[in-house]
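Take these sequences, add in the hints, and give me the full structure.
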Amino acid sequence: MQDFKMLSTNVLSAVPLLLATAWCVGAAPGALRGESGVSVSDIKLGYEHTVARYANWKPDTAKPAGRGRGLFEDFKLAAVSDASANDASAIAVVRKRGTVLPLHAVGGYPKMLGVTYNAEVGMGTPTQLFNLTADTGSMLTWAVLASCKDTDCPGASTKRKYDPAASTTSRVGRKDHEAYGDGEMDLTLYSDVVQLGRIKIDATVGGANKTFERDGKLDHDGLLGLGRKADADPAPVLDSLARERRGFQETIALDLGAQPTLEVGGYNYVKYPKMKRYTVEGDEGWQLEGSSITAKGADKVDAINLLLDTGSSVSMLPASRMDAIMNRAGLKVQRSKDEPIVYSMPCDTKLGVQLVLPDGTQVDVDDSDILMRSNDASTPGCLSLLVGTTNPFVPAVAGTPLLQSLYTVLSRNPSGDWIGLAPL
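When you line the sequence shown up against mature numbering (1 follows the signal peptide of the UniProt record, and there is no 0), it's residues -27 to -1, 1 to 397, in that order.
To be clear, the hints were calculated from the coordinates, so they are not data collected in a lab. Warning: the hint list may mix true and false statements.
Claimed, not checked - Each pair of labels, with its calculated beta carbon distance range:
(1) A25 / R216: 29 to 39 Å
(2) A302 / K202: 39 to 49 Å
(3) S293 / Q232: 44 to 54 Å
(4) D123 / K323: 42 to 52 Å
(5) E217 / S62: 22 to 32 Å
(6) P365 / T98: 46 to 56 Å
(7) A138 / C320: 45 to 55 Å
Said to hold, decoys possible - Capping the alpha-carbon separation at 20 Å, the derived lysine-lysine pairs in PhoX-like fashion look like this:
(8) K69 / K183
(9) K134 / K69
(10) K202 / K183
All values reported here derive from a predicted model rather than from experimental measurement. Note that beta-carbon positions come from the ideal geometry of N, C-alpha and C, so glycine has one too.
Structure, rendered in structure tokens:
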């Protein structure tokens, strides 16, 4: 079947989408630290899920090696002169507020490992409501099809499902296949209305008719794709909106603090007037160049490139960086021997992890965002959601354990894409 064209874009001036049902409400992040605890096996499954998301990741090799475009390629910690190379202050930005959507914290993969964040998204006419993970590492917005049963879509009986036949604005498109590494998915693409608060968009969505076992264990109905990729096919929802509505600023802002929100079409420039902006290079991913993960008293390490991924409930870092943090004098940390490197320690450990931005700004990461109580008899105490890897074929990923400490703005612009960051 031939691809279909995107429909025109409309923006509602009426009442925003109501958050009226209890099914979409998650617990506060602090409550997700888990009274029952997690095991080393859980941490490893979370790591494997993150690795699988980047099974087909290819770094941009067009940039000279001196700027560290390789995945774990080292270069000197960014000084002021180095930071200016990816300073986005020259890129014009329109300071405006957008539509603010509440996010709901739920357990990551496997269930209750760390935190991911769901937004209430409407699809179809009349509106069908879904609890979709706000995912900066994925492109497609999708939900399970109404016709799909548990045999082909594990967990389908517990999810809200998309019924294109019940939507007067739905038009069927081509078949699609998505490979996530830890599983594959068959979908049918549809042109239909997507609603994000006050914003109504005619865009492409996916209806899954075959998913995989691990997706059935995720506490969501599907994904809201907020990723970045040049010439993505099908076009992500917000790309469609930007192409069809000239006045729309393709910017999102994520606040994963105590009252998490997703802002679409702008950011809080009043609260964060001194937010630093950095250019994004390459054709794919929200990659922050020249940052560093360290801790007070840790040996100095070189800077790395970090992919910002709200769909990952663990953060995946080179083992050398993690060892520099965990091997400090006075800490009682145990380290697993096999891949991935999992770290256990007493729950009252003061890690003092810091994310150093390219301009040298230091952001303190709360220990409670990193540590989860262990229910594994061989590793009593708490386990770290920051894991180490020696795998040279995967990128360094900043998942929600790190992003909960940052106000994060992601913007696509004709004059250049940029990331804006400020400590929460």
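- Task: List, from low to high, the hint numbers that the structure doesn't satisfy.
- Result: Violated hints: 3, 8, 9 and 10; rest satisfied.
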